[in-house]
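Number of protein chains: 2
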Amino acid sequence: MAADPLSRVFAALADPTRRDMVARLAVTDATVGELAEPYDVSVQAVSKHLRVLEDAGLVSRSRDAQRRPVHLEAEVLDLMTKWIERYRRQAEERYRRLDDVLAAMPDDTSDTPTTPQGGNPS
Amino acid sequence: MAADPLSRVFAALADPTRRDMVARLAVTDATVGELAEPYDVSVQAVSKHLRVLEDAGLVSRSRDAQRRPVHLEAEVLDLMTKWIERYRRQAEERYRRLDDVLAAMPDDTSDTPTTPQGGNPS
DNA sequence: GCCATCGTCAACCAGATGGTTGACAACACC
DNA sequence: GGTGTTGTCAACCATCTGGTTGACGATGGC
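Heads up: the protein sequence lines correspond to chains P and E, in order. Going by the UniProt record's numbering, the residue at position 53 of the first sequence is 53; the numbering climbs one at a time, nothing skipped. Going by the UniProt record's numbering, the residue at position 73 of the second sequence is 73; the numbering climbs one at a time, nothing skipped.
To be clear, the hints were calculated from the coordinates, so they are not data collected in a lab. Some hints here could point you the wrong way.
[Claimed, not checked] Computed cross-link-like contacts, SDA-like style, restricted to lysine to any residue with a CA-CA straight-line distance of at most 20 Å:
id	chain 1	residue 1	chain 2	residue 2
1	E	82	P	2
2	P	82	E	83
3	E	48	P	82
4	E	48	P	2
[Stated by the list, open to error] From the structure, some residues in chain P lie toward chain E, with a derived Cβ separation under 7 Å:
id	residue
5	33
6	36
7	84
Beta carbons are placed, not taken as given, at the ideal position from N, Cα and C, and that holds for glycine.
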């Protein structure tokens, strides 16, 4: 199983049923039965989905008699947002710089052989 | 295979190797060989990863002689950010409203038997 | 034309995933 | 105590996934 937290969160949300559960849990807490109701699968399957979400830290389950109210832990979503935004912004930045380079360039762009991008330090 | 675009993007980024590729592609375009170099897997495996990223719309491949430069298509990341932020904000909103309710509540909170609201600092 | 290079395709394999059904634990209600 | 409700566990199954190796298409350099 995916060890790192980020992979678990991404994987958990890669399933439409689980995303729908998260969407509904954003509105209000719910029991397993309530969550299962709209889907055409067994309660056991829903329970499995919840386990995946719980392992990813996206939900927590408490106890109320026989019922297990499920609660959305939205903070984990920040993890993803931070990751995504970091690289989106980086890519954007790159375009901006490319535009600058092109703007500053004289018109003799006759030879642009293989990899026009210069230093690759990393 | 996952039909809906959002599932494909989430699934694509659920793998650490693919996330690393995206991170590197945010800096600069690269060929398949260049991308494969740091990882201890075959070039074929990397090619498969790229296919997953491409199916998710995260990268595009052009052609330069025998080489296939890979380019990050960062716009798709917005899809995810929008989904995530929507529900994170919704959940936050819910807490805010709950706080209002609690604040407006009289003090006879004598019986709150079910969930003591303890910290679950995962 | 011939060869080296870059990358993909195809077949295969082990392990994860999402679903099923059946059994059972925990609890409320009578 | 017996019964119904709620949810989990276990076993099983089909499919997907990430990796491998081997063959081969596409292209540039000689």
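Holds or violated: are the alpha carbons of residue 82(P) and residue 83(E) at most 20 Å from each other?
holds, 14 Å
Given pair status - residue 2(P), residue 82(E), alpha carbons within 20 Å
violated, 25 Å
Should the hint that residue 84(P) touches chain E count as held when the rule is a Cβ pair under 7 Å?
holds, 5 Å
CA of residue 48(E) to CA of residue 82(P), is that 20 Å or under?
With Cα atoms ~26 Å apart, residue 48(E) and residue 82(P) exceed 20 Å; violated.
Between the alpha carbons of residue 48(E) and residue 2(P), is the straight-line distance 20 Å or under?
Measuring from Cα to Cα gives roughly 19 Å; hence the hint holds.
Should the hint that residue 36(P) touches chain E count as held when the rule is a Cβ pair under 7 Å?
The hint is violated - residue 36(P) has no Cβ within 7 Å of chain E, the shortest such distance being about 20 Å.
When the least beta-carbon distance from residue 33(P) to chain E is tested against 7 Å, hint result:
violated, 17 Å
Comparing the model with each numbered hint stated earlier shows that hints 1, 3, 5 and 6 do not hold.
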